[in-house]
Amino acid sequence: MPNEVASAKPGTNFDVVGALKDAGLAALIAFGLFSLILGLRTEQDQISQQLALIPRPLLLAGAVAVVFAGRFLVALLVRRGGMIDPGALLPHRLTAKLDRLGRFLAPALLAFAIATPFLFYSNRYLLDLGILVLTYVMLGWGLNVVVGLAGLLDLGYVAFYAVGAYSYALIAQHFGLSFWICLPLAGIFAAFWGVLLGFPVLRLRGDYLAIVTLAFGEIIRLVIINWSSLTGGPNGIASIPRPSFFGIPFTDDEHGFAAFFGLEFSSTHRVVFLFYVILALALLTNYATLRLRRLPIGRAWEALREDEIACRSLGINTTHTKLTAFAIGAMIGGIAGSFFATRQGFISPESFVFMESALVLAIVVLGGMGSQLGVAIAALVMIGGFELFRGFEQFRMLVFGVVMVAIMVWRPRGLIANRTPSVFLEQRKVIPAALVEKARR
Amino acid sequence: MSAPLLSIRGVKTFYGNIMALAGVDLDVCEGEIVTLIGANGAGKSTLMMTICGTPQAREGTILFEGRDITRLPTHEIIRSHIAQAPEGRRIFPRMTVYENLQLGAAVTGFAHFDQDLKRVFTLFPTLAERREQRGGTLSGGEQQMLSIGRALMSRPRLLLLDEPSLGLAPLLVQQIFEAIRNLNEREGLAIFLVEQNAHHALKLAHRGYVLVNGLITLEGAGRELLERPEVREAYLDGGRRRTEQAR
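From first to last, the protein sequence lines are chains A and B.
So for the first sequence, the numbering used here puts the first residue at 1; every next one is plus one.
So for the second sequence, the numbering used here puts the first residue at 1001; every next one is plus one.
The hints are simulated quantities; they were obtained by calculation from the structure and are not laboratory data.
Keep in mind that this is a model prediction, so the values were computed, not measured.
Do not take every clue at face value.
Derived contacts from chain A toward chain B, CB cut-off under 10 Å, selection only [what the hints assert, rightly or not]:
(1) K21
(2) D22
(3) S229
(4) R299
(5) E302
(6) I309
(7) A310
(8) S313
(9) G315
Restraint ranges, calculated between C-beta atoms of paired labels, are given here [claimed, not checked]:
(10) A:W180 <-> B:E1030: 56 to 64 Å
(11) A:Y287 <-> B:Q1115: 29 to 37 Å
(12) A:F104 <-> B:T1054: 43 to 51 Å
(13) B:D1114 <-> A:E350: 37 to 45 Å
(14) A:R205 <-> B:R1079: 20 to 28 Å
Positions of the beta carbon are idealized from the N, C-alpha and C atoms, including for glycine.
So here's chain A without its partners, still in its complex pose:
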C-alpha cells in the first residue's frame, strides 16, 4: 500500500492522493447508506391518504460531504495502514492521570453524594435521578462480588433484584411488617435463591454459567408473571407501603414527620430521606465488600477467579466459596430490590427484564471488574448519561452504544482498572492496569 510509506513519516510527507482515494471510497459507502435513510422521505398525503416520496438531495449531499471531509482528514493525519491506533488518540499521560485522579475522586464523589439533597433540594427530578443512580451503584457493587471478585459471570442478576422487591412488597402487604424489618428479610430470601441457583451451576464456568444464569433470570420473571394469585401477574403489586422515618410517617398531619420536627410539610422530605437510605445502603455494601475482601473468604473468591484447580489444591472448598459468592451477591441485589419496591410503591414484572441484568453487568465491566470506585463512576455515567441523552430520543441508544464501544476500545479493562492488593506489608502498591483482566470476547 502506498499509504504506508507516508504513514512512516507523518507530518513530513502527506499522501494526498491516497487520502483522497480513501475518502472517496468512504463517501461512496456513505452515499449508499444514506441514499435511502436521508435522501428519501415518505410523507402521507392528508387528503388522499397516499404515501408520497420526497427526495432530499441537499441533505444527502451534505452528509456525504461531511463523511468525505472527515475521512480525508483522518486518512491524512492519523491513519496507519487502515487502522487507527487507539493509543494515538488517547495519550498515555492522560491514562496515567486518570489513574492518579482516582485517589481523590472517591472522597470527592462521596462528599458530593452527601451534599446532593442540599444542593438540589428544589429539583425533584435530580433527586430522583440521584436515587436511581445510587440504586444501580448498589446493584453494581453487589454484582461485582459475583463477577468481579469470584469471576462467575452472572447474566440473571435481575432475578435477585426481583426476589427482593417482591419479598418486600408481599411481606409488607400481608403481614404489615415495617420497611426496616422487611429489608433484611428480603436480603435473606434473595440469598436463599442465590444458593438455590448456585447448586446446579457449581460445575459450570464461563459461557455455560452465563447461559444458565440468564435462563434463571427469565424463569423468575416468568414465574412472577404467571403466578397471578400471589404476585398479581402482569398487573404487578400496587400501593406498597412507603417507608417511615423510623416509625414516623411522612404525612401531612400532626403525627407526620414534618409536624414532629416542627417543619412545614413538603413531599421532598421523603425523597431526601429515601436518598439517604439508599446512600447508606450502598455505602454499607461497599464497606462490607471491602471488609470481605480482606477475610479469607474474600481472598478465596479472588483465588477462585484466578485458578479453580489451584484453589482446590490448596484445600479451599470451592463449593462453599462459590455458594457464598452467589448468596452475598444475591443478598445485596435483594436489599436493593426491596428498596426499589418501597420507592416506587408499585412493582410489576416489566421492571425486571433481561435489559436490567445487562445494564448492571455493563456497569461492572465498564467500571473495571473488581473496582469499587470504577463501578460507582460507571453507574453515574451510564444512568446519568442515559437521562442526559433523553432529549435525543431515538438516538439515545445509539449514543449509548457508541460510548460503550469507545470505552472498551480505549480502556479495555474498565474505567478504573488498577487492582489494589488486599493485603500489603509496608506500603500499598497499585497493580498496573496492563495486568488486570481485559475484555476479551
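Could you slot chain B onto chain A? The hints should help.
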C-alpha cells in the same frame, strides 16, 4: 520399615471409559523422597491428582497416616496435611507473592503464619525480595518456588510435587532440586516427586518407581534404578541417542 505415611494399593482411575491407572501400588514413608518417573501419558499426573481426589479412584485404596482418604473431597484431603504444588505451577498471577502465600495458609489458619512465612523466605530468599510483586510477573523459576512455598504454608506432612523442573533453565532446575533436598534433609519432610527429568529425580530420590501405561513396572532405590539398563534405555540414554540420531 514402619507403616508407610502414604500407601496406595491397587488404585484404578478412569477418564470416562479410558483407564488411566490400571492398579497402582506405591508407598511413601516418613522422611523419604520418592520419585515417580515415566513417559508422557503414562499416568504420572493422574496418580498425583488421584491422591488429591480429583478425579477419585474408581478402585483401590489410598491410606494417609493410616486413614482412608480415597473417597474424601479434595479440600478434606488437603486438610489432612497433604500439600501439592500442581503441574504448571498454577500460582495466582494477579495476586502478589504475599497474597499467594496467604492463600497457601488457608487451611491451617493464621496462628503461625509469620513463622511459616519466614520458613518459606529462608528456603527461597528471592521470594522475600519479591513479596509485593504480582505472581504473574515472576520468572518461571520464581513461580515454581512460589508454588512450592505456597504448598509449604499449609504445614504439610507430605509434599506432592508435580514436575517442578518443567520448562526451567538447567541452573534453576538445580536450585529447585537443591531446595527439595534441603527440605527433606533438614526438616525430614516426606516428598513425593513426579518428574520427567528422570536423571535428576532418581539421583535425588531415596526410592523410585517407573510408571508405564498406568502400571508400575519397576521400583527400587533411586541410584539403583539409575543403573538399570531398561531405565537407561527408556528414559536416560535412549533420549540422548534419539536426539543424536536426529542430528
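The hints, checked one at a time:
{"no.": "1", "hint": "K21", "in the structure": "45 Å, violated"}
{"no.": "2", "hint": "D22", "in the structure": "41 Å, violated"}
{"no.": "3", "hint": "S229", "in the structure": "42 Å, violated"}
{"no.": "4", "hint": "R299", "in the structure": "6 Å, holds"}
{"no.": "5", "hint": "E302", "in the structure": "7 Å, holds"}
{"no.": "6", "hint": "I309", "in the structure": "6 Å, holds"}
{"no.": "7", "hint": "A310", "in the structure": "4 Å, holds"}
{"no.": "8", "hint": "S313", "in the structure": "5 Å, holds"}
{"no.": "9", "hint": "G315", "in the structure": "3 Å, holds"}
{"no.": "10", "hint": "A:W180 <-> B:E1030: 56 to 64 Å", "in the structure": "60 Å, holds"}
{"no.": "11", "hint": "A:Y287 <-> B:Q1115: 29 to 37 Å", "in the structure": "32 Å, holds"}
{"no.": "12", "hint": "A:F104 <-> B:T1054: 43 to 51 Å", "in the structure": "47 Å, holds"}
{"no.": "13", "hint": "B:D1114 <-> A:E350: 37 to 45 Å", "in the structure": "56 Å, violated"}
{"no.": "14", "hint": "A:R205 <-> B:R1079: 20 to 28 Å", "in the structure": "24 Å, holds"}
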